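Could you build the full structure based on these sequences and the hints that come with them?
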Amino acid sequence: MSFESDVSKIEEIAQKLNKPETSLEESLSLFEEGMRLSKALEKTLSEAKRKVEVILSEDLTEAETTVLE
Amino acid sequence: MHDLFQNELTVSELTSLVKRTLEEGFYGLKVTGEISNFRPSSTGHWFFTLKDAKAQLSAVMFKGSTWKVNFTPSEGDKVTITGNLDVYAARGTYQIKCDSMEKAGQGEILALLEARKRLYANKGYFDESLKKPIPSQPLRLGVVTSATGAALQDILNVLNRRAPSLDILVLPTVVQGENSAISIANRIMQANSLLLCDVLIVGRGGGSLEDLLPFSEDIVLEAMHESEIPIISAVGHEIDWALSDYVADLRAPTPSAAAELVSQGYLDLRQTIKAYKAEIKKAMEYRLTLATHQLGKLEVRQIHAIIDNREYLLANASQNLINAGQQKIRETQARYQSATRELQALSPLAILHRGYATVQSESGTLIKSKEQATIGKVVRLTFIDGQRTAEIKE
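Protein chains in written order, with the working numbering: chain A, 1 to 69; chain B, 1001 to 1394.
Hints listed in this document are in silico derivations from the structure and should not be mistaken for laboratory results. Misleading hints may appear alongside valid ones.
[Claimed, not checked] One-sided and incomplete, this derived list gives chain A residues near chain B with beta-carbon spacing under 7 Å:
no., residue
1, 17
2, 38
3, 41
4, 51
None of the values given here were measured: they were computed from a predicted structure. Using N, Cα and C, we set each Cβ at its ideal position, and we do this for glycine too.
Given below as structure tokens:
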């Protein structure tokens, strides 16, 4: 997942929508795509789906973890 | 001086002499002792006793000076104060009036830190060119701090609010005491050897200068300097500092502030998306308004065209109908006239016209032969100009 590429896609859609030469039909599908993308991104960013882990081992080459919350 | 022993003195005179002697002779002092019987007054002054194993000294620090002390002394604290002796004549007591206070040994610690700071500055560890950028939207944050400290809770709370999607890995350390520097350095190296995260917060909550010392130890500074993962140093409160602040890629005044810095990119991203969403909506609404407007214009024009066309067809059709009707009438008239002429030609009247007459019985039956004309019967003769009655004789 790349936030940057999704955001630049949304930005592109907004720019196209603002162009008068974009047809109404094209505008409608652009609008749908833009709404879908931005809602999905907003959801990804605002949803509390984080993982909080704590590392157990002190060994530099081990990364055993356990969930903290 | 020996005059004193020859003259009689009042209490006030003696006290005044003692006061002058003590106050003029004992100023700009630096005294180290333990705090005892600490009594802060409601007006902001501090009253306490400074003592050591063999003696004690009353002390006072007025409001004008206490605000400059970055800790609140408590029973047993070993402090170094500066001040002057002060005699309170009314009670015949003396005390030390403090101008400044620091924890004992702090001067030495500060001097040591200053020396170490210069050393690492000369080594180039603080160079701006070495500062790695903090990723604006990190995928996983590593936190090197005490697993049980308030600093970790502060960080988790801030991130939960501002970047709830950000994964966090806690690398627990001892942050106080002898082994803490080794523990902190070890966690920084561990994060790097396994690349456990893409940004690190290294820190702890507020504490005394000694409490924060591990973050200024050589081993920690070296580990930070070697780190490939960008590090934010977040040690103590706003006024606290440690040498880790200088070596780190970014210094945050508190652990909460570090969490805010780490999540700023996410917050900005959410704002950006919100703004684009609003822009897309606005652009679409505008397009729709425009389209509705155009559609409205188009329909009226089209409808007029259709109506005009139909009206033409209708007018055309009705004209055709009229034409056809008139034609029919003319044809009928012509046929009527020719029929009339034919009829006239065939009419008995036309024959009569030529001088013939018809014979009919009284009942109107046409008499065409002599057998029909019975003798003695009355018949009706029709001429062109009228009728006569006659009797058959023979």
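Results for each hint:
1. 17: holds, 4 Å
2. 38: This interface hint holds because 4 Å falls under the 7 Å limit.
3. 41: Holds: closest Cβ of chain B sits about 5 Å from residue 41 (chain A), inside 7 Å.
4. 51: holds, 5 Å
Taken one by one, the earlier hints all hold for this structure without exception.
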